[in-house]
Amino acid sequence: MAKSLGPVKRKFSPWTDPTSVPFIRFENITKRFGNFTAVENLTLDIYEREFFALLGPSGCGKTTLMRMLAGFEEPTEGRILLQGKDLAGVPPYRRPTNMMFQSYALFPHMTVEKNIAFGLEQDKLPKAEIAARVEEMLKLVKLEQFAKRKPSQLSGGQRQRVALARSLAKRPKVLLLDEPLGALDKKLREETQFELTDLQHTLGLTFLIVTHDQEEAMTVSDRIAVMDKGVIMQVATPAEIYEAPNSRYVADFIGDINIIEGAIVSNSGAASGGVMLDCDGLKIAVDQECPASTGDRVAYAIRPEKVRLGIEPPADTAVNAAAGEVYDIGYLGDFSLFLVKLDDGRIIRAAQANIQRLVDRPLTFGDRVWVHWSRDAGLVLTR
Amino acid sequence: MAIDTLSPPLPPEPKVELADDAGRTNPARWLIVAIPYLWLLLFFAAPFLIIAKISLSDTAIAMPPYTPTFQGFGNLGTFFSQLDFENYAYLASDSIYIKSYLNSLRIAAISTVLLLLIGYPMALAMARAKTSLRPILVMMVILPFWTSFLIRVYAWIGILKPEGLLTVLFQSIGLMGEGEQVQIFRTDYAVFIGIVYSYLPFMVLPLYAALEKMDHTLLEAASDLGCPPWKAFWRITFPLSLPGVIAGSLICFIPITGEFVIPDLLGGADTLMIGKTLWTEFFNSRDWPLASAIAVILLAVLVLPIVYFQNQQQKAG
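Just so you know, the protein sequences line up as chains A and B, in that order. Counted the way this note's numbering counts, the first sequence spans residues 143 to 525. Counted the way this note's numbering counts, the second sequence spans residues -15 to 301.
Bound-form chain A, shown alone:
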């Protein structure tokens, strides 16, 4: 059986099926504000019932992309299709999308109940139906006893739930979440992330989340688009993004990583020896298919937790191994991060899970150590 990358959250991968039709399609979208290009010739497909994340640093164009789908901005070029229909010229109040705003944007003069009912009232639903739907939403976000409160009388977490309930009340075809958990503390945020995923699976709606928090994107979403300067760098599942980033940018943006510059010595395919690299004396062997040819300058990327650390030298010290001394230690509780200064001056980050409470001989500053890794632990990045 072929190895797979990381755990599989659910059996859902319409993007791998060439016959499936995208639910939302951004087609060659460009958005300019004056001289500034926020989004540049971007094409992206999102599928029905998918939980999709737009991830990137602030100013990368992710929010602009979402606002164009909601209708608050019109693309300068290109078109947005929802279920095959062009959304150009359709005002926000006629689009079947609802947004949960970063600031929550709750109406301060209305009670929780009224806030949730607002969207339903616009559809002129019968009063009884609105009341039933509001009650259902309040139950969903566990705020039944707060129905008559004003937003100012709620905590941050409760407000966030009201905002979620309000945006879900109309059963939108697409729910847009703009940095929805940014204002919550870490514990509550984590809890809510799992709740969001559950909710999305139960309701069977399409969710599009915008975030700069990679952990959040990885926890909740089926696929992530990593963006930089208005361009998508990679679209893939969280595990693929983490374990098989396609570029230095993505590798560096998501999680912690060692990037070692080097040149290709030989490249003979994953089956017959793989890629050999020479990184200023450090020999690295990788089992990988790689489009680069001998002599090309490339980067070798390896995550700290995949670097092994020990006082004893490994069996083979010629390849994928280097000696150095402990330069700095970060104790994170679950993990310890060691900065090892190799004899040639390079710093390698190695993480060790603290699986034992008591250690016989803990590593400390200045200890002579070996770092080494297996042939499939890291990968060669050509761009």
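In case anyone wonders, no lab produced these hints; they're calculated from the structure. There could be a bad hint or two in this list.
As the list claims (entries may be wrong) - So the derived label-pair ranges between C-beta atoms look like this:
(1) A:177 - B:109: 25 to 33 angstroms
(2) B:16 - A:177: 49 to 57 angstroms
(3) B:171 - A:176: 50 to 58 angstroms
(4) A:251 - B:134: 38 to 46 angstroms
(5) A:233 - B:22: 54 to 62 angstroms
(6) A:329 - B:27: 50 to 58 angstroms
(7) B:22 - A:201: 50 to 58 angstroms
(8) A:172 - B:142: 56 to 64 angstroms
(9) A:177 - B:215: 45 to 53 angstroms
(10) A:507 - B:16: 53 to 61 angstroms
(11) B:16 - A:201: 32 to 40 angstroms
(12) B:112 - A:154: 40 to 48 angstroms
Note that beta-carbon positions come from the ideal geometry of N, C-alpha and C, so glycine has one too.
Dock chain B against the given chain A, drawing on the hints supplied.
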């Protein structure tokens, strides 16, 4: 242990006073709270009591032109026995006073509505203007204050009088023939024009303050939930600007009710306003007690509804 005996004794911990306790007994704190109350007592309560007392007196040909006057604490009994509600009874008996009150309230109410209708769109446009433009717009609203209020009202005479600028303008663009003239001066219309012009900044500024701090994403949220812009105005923008609407309306309505200068300069002989009536009683008739009674009633007419209204507001908020 050995090390302990070697180390010098620790200095005693400094006593930390809790700031809160210190504040409660601090006389300076009470002084700060007392100053505004003292101010109100001296410049509002005391003059009002004097006016109230005069309103209960009788006119006299003397200086000051009323009796009784305070003759020391020994005669306090006779002093109080001479006070009565005669002036108030007189106010109720002559319909000119009631008419003046009612007409003042009517003019103030209509003016306030006009001010709202003109001021709200102005304030909204200012609040929605580019951030860099807003201080300039606010400046332009405040600009008229740089000229004396009286001069500005006089300027309106020059505009509105039959041979004034308005007539010249209308004649030059052909709206009026040679012999025709604008007949607004010395009518209620001129009073309305003068009032709306003079009070507009007082309406626009509180409205602008309320609208400017409104979060624009609320309107995006409303739109996102299916609410078109014109409906969003009535459901979101207007209710959230209500504090500004109320503040602006009160700030305009109250002084307009007592307005004297504008009706006196622009209004006609038949423009009855309580401020004018009061002035006539005080200066022309030299009836200080009756004028004081008018002032006391005016205060009651304005203050009581406002106090009631603010109570309601606090309960609702």
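How the hints compare with the structure:
Checking the proposed 25 to 33 angstroms range against residue 177 of chain A and residue 109 of chain B shows it holds: the Cβ atoms sit about 28 angstroms from each other. The hinted range of 49 to 57 angstroms is satisfied by residue 16 of chain B and residue 177 of chain A, whose Cβ atoms lie roughly 54 angstroms apart. Distance hint check: the CB atoms of residue 171 of chain B and residue 176 of chain A are about 53 angstroms apart, consistent with the given range 50 to 58 angstroms. Between residue 251 of chain A and residue 134 of chain B the beta carbons are some 41 angstroms apart, a value that agrees with the proposed interval 38 to 46 angstroms.
One distance hint, 54 to 62 angstroms for the beta-carbon pair residue 233 of chain A and residue 22 of chain B, holds here, with the actual separation near 58 angstroms. Taking 50 to 58 angstroms as the suggested C-beta distance range, the pair residue 329 of chain A and residue 27 of chain B conforms, at roughly 57 angstroms. A beta carbon spacing of about 56 angstroms between residue 22 of chain B and residue 201 of chain A agrees with the range 50 to 58 angstroms that was offered as a hint. The hinted window of 56 to 64 angstroms between residue 172 of chain A and residue 142 of chain B holds, with their beta carbons roughly 59 angstroms apart.
Roughly 36 angstroms separates the CB atoms of residue 177 of chain A and residue 215 of chain B, a value that falls outside the hinted 45 to 53 angstroms. For residue 507 of chain A paired with residue 16 of chain B, a C-beta distance near 58 angstroms keeps the hint of 53 to 61 angstroms intact. Taking 32 to 40 angstroms as the suggested C-beta distance range, the pair residue 16 of chain B and residue 201 of chain A does not conform, at roughly 47 angstroms. With their beta carbons about 44 angstroms apart, residue 112 of chain B and residue 154 of chain A fall inside the hinted range of 40 to 48 angstroms.
The structure does not agree with the numbered hints 9, 11 stated previously, though it agrees with the rest.
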